[in-house]
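Adding 5 to a residue's 1-based position in the sequence shown gives its number in this note's numbering.
No wet-lab data here; the hints were simulated from the structure.
As the structure is a prediction and not an experimental result, all values here were calculated from the model.
There could be a bad hint or two in this list.
What the hints assert, rightly or not - Calculated cross-link-like contacts (lysine to any residue; reagent style SDA-like; alpha-carbon spacing at most 25 Å):
no., residue 1, residue 2
1, Lys169, Arg155
2, Lys104, Lys169
3, Lys169, Thr140
4, Lys63, Val53
5, Lys75, Met94
6, Lys79, Lys169
7, Lys75, Ala59
8, Lys211, Met94
9, Lys79, Pro97
10, Lys63, Ser50
11, Lys193, Glu174
12, Lys211, Leu149
13, Lys52, Pro73
14, Lys189, Arg170
What the hints assert, rightly or not - Label pairs and their calculated CB-CB ranges:
no., residue 1, residue 2, range
15, Ser50, Glu174, 18 to 28 Å
16, Arg170, Gly205, 40 to 50 Å
17, Ser50, Arg170, 29 to 39 Å
18, Tyr131, Pro73, 29 to 39 Å
19, Gln146, His54, 40 to 50 Å
20, Ser120, Gly161, 16 to 26 Å
21, His54, Gln180, 22 to 32 Å
Even glycine gets a Cβ: it sits at the ideal position worked out from N, Cα and C.
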Amino acid sequence: MLVAKSSPTAARLEDASSSSQCFAIKGDNPLIWPLLTLLQRSNRSWKVHHLAAALQEKGLMRELDTDPQKALFKQNFLLMNALFELQAMLLPGSYLQTKAMEIQIFRIPPINLDSQLSQDDALRAYYLDWQHYDTCPDIIQEMLESFWQRYEDYIGTRHNALPKRQALEVFELAQDASDREIRKQWRKLALQWHPDRDGGDAAQFKRVCEAWQTLRESR
């Protein structure tokens with residue numbers, strides 16, 4: 006079977022993610038991880054509104070606006086933002102197809118990976134830019150923090166379980182680590198230990214989430 010080589014387009018996905026307007030660690034999209042669970046546990050493709058419904062059933066997604074059209078836009082924005090972030094995180098080991106009506110993780114990236122990714126460059130840039138969410142940064146961060154609390158309750162993490170020094174030790178980082186270093190290590194460890202990934206471990210994942218919670222709140 007032909008396997009995709011590392012491509013210039015794939016390499017720049019991380020840069021696109023890092024340059025998003027909500028880069029502070031408090032702004033990391035918490036929907037990444039329950040979406041990873043849904044996608045890893047299924048061999049079929051998903052539609053974006055089916056993913057939204059599945060998250061709502063688990064109590065992980067709430068109504069985002071009293072106006073139905075605005076609520077739908079915000080819901081889709083949050084989901085597509087999380088999916089494009091996750092796509093960058095999974096490469097080059099696997100490929101997340103992010104078509105709105107065909108969302109699926111493939112264990113082996115396609116041979117035409119560069120072409121596949123470049124087709125979505127404009128859409129990716131749009132959904133990774135939080136200015137398009139059409140609300141102020143403080144409200145975005147409050148909303149994301151609310152989602153984080155729901156997710157942490159759902160997986161059963163303990164609030165304020167770790168002091169900052171110990172949280173940084175879990176992340177294998179120095180005490181003066183920057184926000185960029187913390188966020189990068191969080192994503193690396195969360196992806197490594199996510200219980201629905203090969204080699205994952207639920208207990209380790211919870212501990213990493215508890216460390217992340219401490220470091221988010223200390224900023």
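*Going through the earlier hints one by one, which of them does the structure break, listed in rising order?*
Hint check: 2, 3, 5, 6, 9, 15, 16, 17, 18, 19, 20, 21 fail, others pass.
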